[in-house]
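Put chains P and S on the given structure of chain D with help from the hints.
Residue numbers (the working numbering), protein chains in the order written: chain D, 4 to 153; chain P, -9 to 194; chain S, 1425 to 2068.
No lab work stands behind these hints: they were computed from the structure.
Worth double-checking, as some hints may not be accurate.
Stated by the list, open to error - Keeping only pairs whose Cα atoms sit at most 30 Å apart, straight-line, the calculated BS3-like set for lysine-lysine is:
1) S:2042 with D:103
2) D:150 with S:2036
3) D:32 with S:1573
4) S:2001 with D:103
5) S:1960 with P:78
6) S:1949 with P:7
7) S:2036 with D:144
8) D:8 with S:1716
9) P:78 with S:1748
10) S:1755 with P:7
11) S:1748 with P:130
12) D:135 with S:1696
13) S:1755 with P:4
14) P:4 with D:39
15) P:72 with S:1960
16) S:1696 with D:15
17) S:2025 with D:144
18) S:1605 with S:1834
19) P:51 with S:1960
20) D:75 with S:1960
21) S:1696 with S:1589
22) S:1696 with D:11
23) P:16 with S:1949
24) D:135 with S:1515
25) D:144 with S:1834
26) S:2036 with D:139
All values reported here derive from a predicted model rather than from experimental measurement.
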Amino acid sequence: MEIDKIDKIIDKHNCEAASLLQIMLDIQKENNWLTKEALARVSERLDVPLNRIQHIATFYKAFSLVPKGRHKVHICVGTACHVRGATRILDTVEEATGIKPGETDLDLKYSLETVNCLGCCALGPVMEVDGKVHGKMTPVKAADALKTYE
Amino acid sequence: MSDIQFEIDGQKVKASKGMTLLDAAKEAGIYIPTLCHHEKLEPFGGCRVCIVEVEDRGWTKLVVSCVYPVQNDIIVRTRSEKIDRIRKTIIELLMAHAPDAPALVKLAKEYGADRDRYERDASFCIHCGLCVRYCHEVAKKDAIGFVDRGINKEISFIPEIAAKECPSCKECFPLCPTSYLQAAYVLVDGLSFPKSSSKHVAEG
Amino acid sequence: MARVNTPEELNTFRQEILSKRDPNNPVVSICAGAGCVASGADEVIKAFEEEIEKQGLGAKVDTKGTGCPGFCEQGPIVVIYPEEICYIQVKAEDVPEIIEKTILNNEVVERLCFKNPGTGEVAIHESDISFYKAQQRTVLCNNIKIDSKSIDDYIALGGYSALAKALGEMSDVDVLEEVKKSNLRGRGGAGFPAGRKWEGSRNAPEPIKYVIVNADEGDPGAFMDRALLEGNPHSILEGLIIGGYAIASHEGYFYVRQEYPLAVININLAIKQAQEYGLLGENILGSGFDFKVYVHQGAGAFVCGESTALMTSLEGRAGEPRPKYTRSNIKGLWNRPSVLNNVETWANVPLIVNKGADWFTSIGTESSKGTKIFSLVGKINNTGLVEVPMGTTLHDIIYNIGGGIPDGKKFKAVQTGGPSGGCIPEDLLNLEVGFDELTKAGSMMGSGGMIVLDEDTCMVDVARYFIEFLTDESCGKCVPCREGLRQMHRILTNITKGKGKQGDIETLEELAETAVEASLCALGKGAAAPLLSTLKYFRDEYEAHINEKRCPALACKELISFYIDPDKCQGCGMCRKQCPADAIDGDKKLIHIIDQDKCTKCGTCFEVCPSKFSSVTKLSGVPVPEAIAEDKRTIVKKAKAKGK
Chain D
4 MEIDKIDKII DKHNCEAASL LQIMLDIQKE NNWLTKEALA RVSERLDVPL NRIQHIATFY
64 KAFSLVPKGR HKVHICVGTA CHVRGATRIL DTVEEATGIK PGETDLDLKY SLETVNCLGC
124 CALGPVMEVD GKVHGKMTPV KAADALKTYE
Chain P
-9 MSDIQFEIDG QKVKASKGMT LLDAAKEAGI YIPTLCHHEK LEPFGGCRVC IVEVEDRGWT
51 KLVVSCVYPV QNDIIVRTRS EKIDRIRKTI IELLMAHAPD APALVKLAKE YGADRDRYER
111 DASFCIHCGL CVRYCHEVAK KDAIGFVDRG INKEISFIPE IAAKECPSCK ECFPLCPTSY
171 LQAAYVLVDG LSFPKSSSKH VAEG
Chain S
1425 MARVNTPEEL NTFRQEILSK RDPNNPVVSI CAGAGCVASG ADEVIKAFEE EIEKQGLGAK
1485 VDTKGTGCPG FCEQGPIVVI YPEEICYIQV KAEDVPEIIE KTILNNEVVE RLCFKNPGTG
1545 EVAIHESDIS FYKAQQRTVL CNNIKIDSKS IDDYIALGGY SALAKALGEM SDVDVLEEVK
1605 KSNLRGRGGA GFPAGRKWEG SRNAPEPIKY VIVNADEGDP GAFMDRALLE GNPHSILEGL
1665 IIGGYAIASH EGYFYVRQEY PLAVININLA IKQAQEYGLL GENILGSGFD FKVYVHQGAG
1725 AFVCGESTAL MTSLEGRAGE PRPKYTRSNI KGLWNRPSVL NNVETWANVP LIVNKGADWF
1785 TSIGTESSKG TKIFSLVGKI NNTGLVEVPM GTTLHDIIYN IGGGIPDGKK FKAVQTGGPS
1845 GGCIPEDLLN LEVGFDELTK AGSMMGSGGM IVLDEDTCMV DVARYFIEFL TDESCGKCVP
1905 CREGLRQMHR ILTNITKGKG KQGDIETLEE LAETAVEASL CALGKGAAAP LLSTLKYFRD
1965 EYEAHINEKR CPALACKELI SFYIDPDKCQ GCGMCRKQCP ADAIDGDKKL IHIIDQDKCT
2025 KCGTCFEVCP SKFSSVTKLS GVPVPEAIAE DKRTIVKKAK AKGK
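Chain D with its partners taken away, still in its complex shape (with noise of 0.2 Å):
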């Protein structure tokens, strides 16, 4: 990720070492992984020492310290769900995917996640891929909606 890239983000939230998480986020967004590089300059600009840095992107599961598929799978194990059977959704998707949850497979296709709650209880088991909710899941619909994504 190029450097003005990085310090575009950086000026957008004022330089604050306080908006270091907000920070973060834009570029985790942007780039799809946070690069040493990237956290490197974030160290260097917002005064922040490099562990408190490294504490951060693996404490909260919204970052990723290696590049994320093109898909990123979340499947939701939130109360709701898990009790409408979203074990079974999360087996089939993890032999549709060939990964299991945390991993990016090596075609970096898909990237799966367990989430716990998207706020869709009601439309449980829940499957979001790519930011789109799939409610009502039953594990051969979810093969079936994997089967959509290139």
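Then chains P and S, alone, in the frame of chain D:
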């Protein structure tokens, strides 16, 4: 000025505003066990071994003495059936990681803790945070930090900074109750430090 | 748009908006909340806009994407005003018919109406729907009426009149006293009296103070705050500004979880709009009161819903909670007095200012005033957001509003309060909902999650599930939570896999006590609640798992076997064809047999076996019967059986 008065284990104690119960106990010569506490560092409140009972206007609660501020007219107890039971469990939980750590072995003897109570875990870090906090607050190098959270939490050196600063410092090494710190250092030195600096480990 | 400079100007502006709207003109409200969007609401909105444009009705008919009314399972939801005709599960193809019949000819398209379960009666108006009838939607009612991206809609319905009243007619102390008098208790978890919290901050000597909206709704199964944040962001903003005024704070924050992108967008838009109108910023409505608001996003950590962790996160750090020996309303964000309240708490503030504390206290029970929004989800017929006065019984919520348990299954328990709450069994269903009542029963109000469980739910698995959730979300700083949860999770997982042993329950109870008594924050302190409450009311399930290696609910995969009853199997082959492990042997007219060694316990055969046969059964705690002999496998139609 010692304007606050209260009681610990039946003994009248004087303290000043801004002190913690642990500070006041130490001054009065009363022993409260600790693991993550260090005089040079801000209180952490992570190990919970220093818990004590505080009775305040009829209400009793359990607090960690290293953080709790002194208060007038409270009655503090450093031992009780409940405190001992909880300390025993805390020690047993930590011994699942570092059963041979001297500080834990000593406490285990006092509280009747069973080192094999819980299933062993691979990492022998007990997360007292002394290394991270010392490097941040005293050495001011920030060469080591925490990563991740919960059961996945670990300490992690920042290789670029550690390679530069640690070989001539290592002031945090004696602080580690389990020697996990030293083990982590050897690993990061061997795997991540630029090749030229690994001879520092051999030299000790 | 010109700035509104005084309360009088706001009133005039409001009248102007209303005068431009003919109350008799049809308004089509389509819910544009995340749930309905997932079901296709965007296409429905587009279809309405296009069709209305095509038919040249644009001048008369207004279409709007609105906030979430909370009946998500039946979405996309369309309500047509002024008659309030409510259509459910609307698709884009239905739109021409709706316009033709309902808008142009005042006819109802009955097939799109909700049918009340039980009576089968068609509910034409929103108020006829059994789900809504017993609710009292003082906070949620406006969601379906306003375009969530329009400040004018909010003002038209009376929005910001509370702010005008507070700044124009009341002193800041008056406002504080009114909130104190109302006995409003926090809707986010602990139920602490808001007025008392505000007063503590107001009286603290430090002049710079903060007011914060906790929009990090993390309890799985809860989506009340999402509906308010997306659907009626101005109601929360108005409450926040009023709160700032009451405690003399000039800086407010929204901490919104990033898993709610639509909420983040709508809140930011609402703030921008309020600023343009002069309802935010300097000298609001000519009162001399300045106030500014910032929005921060969460980054995926449940623990940041805890107030001190949230403040630490706002300071740009990892969200590790701080000990609360000095309360955060005295020393909070940046060590300054900070009032942190939940979204729903803030949304109640304008109502209290406008209608008065006496009105608020007339609703609810002695110790729990006002209404509460619950998210009723799980094994329940009518899933969605339910707003009822405190004091309503669990029974009424689950049966009268929720429509009972689907598929004729038996109710087992209702889990309230999220991961720090507990399960309430059937014999306590007459419990009147309230903060103290729920705590007494071993659970808590929490943020309002209400998850219904039926006979097919394993209570040990429920405890394991919550402990697993918390193990994932614990910050890891203190031993009782980090290590306690680690071991509790190990033991509970072993129990559900048939590896439980004598003494496990006692160990769990010891770990639970340590977590409750010695944890640093409420996440650890509450972590044991689901475990302890399921142990209290369903101990027999734990004992069956440990002593008999049996799961009474027939749910734990490692403890169940699937078995085809030879007396019922008619050899249709449905199970064999769909078995992903190729574990079923059989043929037409041959009794099918599951090979237990190959079976992966996926449950597909159980689901696809036609209900008229129902020959696939689940066994637990007993050995699988010997496979029936080969020569007995041929199925002979009973009527023609000549004996063999």
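Decide if the proposed pair is consistent with the structure: residue 1696 of chain S and residue 11 of chain D, CA atoms, cutoff 30 Å inclusive.
-> Between residue 1696 of chain S and residue 11 of chain D the Cα gap is close to 22 Å, so the pair holds against 30 Å.
For the pair supplied as a hint, residue 51 of chain P and residue 1960 of chain S, confirm whether the alpha-carbon distance does not exceed 30 Å.
-> 24 Å, holds
Is residue 135 of chain D within 30 Å of residue 1696 of chain S, Cα to Cα?
-> Measuring from Cα to Cα gives roughly 26 Å; hence the hint holds.
For the pair supplied as a hint, residue 1755 of chain S and residue 4 of chain P, confirm whether the alpha-carbon distance does not exceed 30 Å.
-> At roughly 25 Å apart (the allowed maximum being 30 Å), residue 4 of chain P and residue 1755 of chain S satisfy the hint.
Measure nothing beyond the straight line between the CA atoms of residue 32 of chain D and residue 1573 of chain S; if it is 30 Å or shorter, mark the hint as holding.
-> 24 Å, holds
For the pair supplied as a hint, residue 2036 of chain S and residue 139 of chain D, confirm whether the alpha-carbon distance does not exceed 30 Å.
-> Cα-Cα ~25 Å, so holds.
Measure nothing beyond the straight line between the CA atoms of residue 8 of chain D and residue 1716 of chain S; if it is 30 Å or shorter, mark the hint as holding.
-> 28 Å, holds
Quickly compare the C-alpha distance for residue 150 of chain D and residue 2036 of chain S to 30 Å and report which way the hint goes.
-> Since the Cα atoms of residue 150 of chain D and residue 2036 of chain S sit roughly 33 Å apart, the hinted pair is violated (cutoff 30 Å).
Between residue 1960 of chain S and residue 78 of chain P, does the CA-CA distance stay at or below 30 Å?
-> Satisfied, since the Cα-Cα distance of roughly 25 Å is no more than 30 Å.
Is the hinted pair residue 1949 of chain S and residue 7 of chain P satisfied, with a Cα-Cα distance of at most 30 Å?
-> Holds, because 29 Å separates the two Cα atoms, which is no more than 30 Å.
If you draw a straight line from the CA of residue 78 of chain P to the CA of residue 1748 of chain S, is it 30 Å or shorter?
-> Distance of about 25 Å is within 30 Å: holds.
Between residue 1605 of chain S and residue 1834 of chain S, does the CA-CA distance stay at or below 30 Å?
-> 43 Å, violated
Hint compliance for this structure: hints 2, 14, 18 and 20 are broken, all remaining hints hold.
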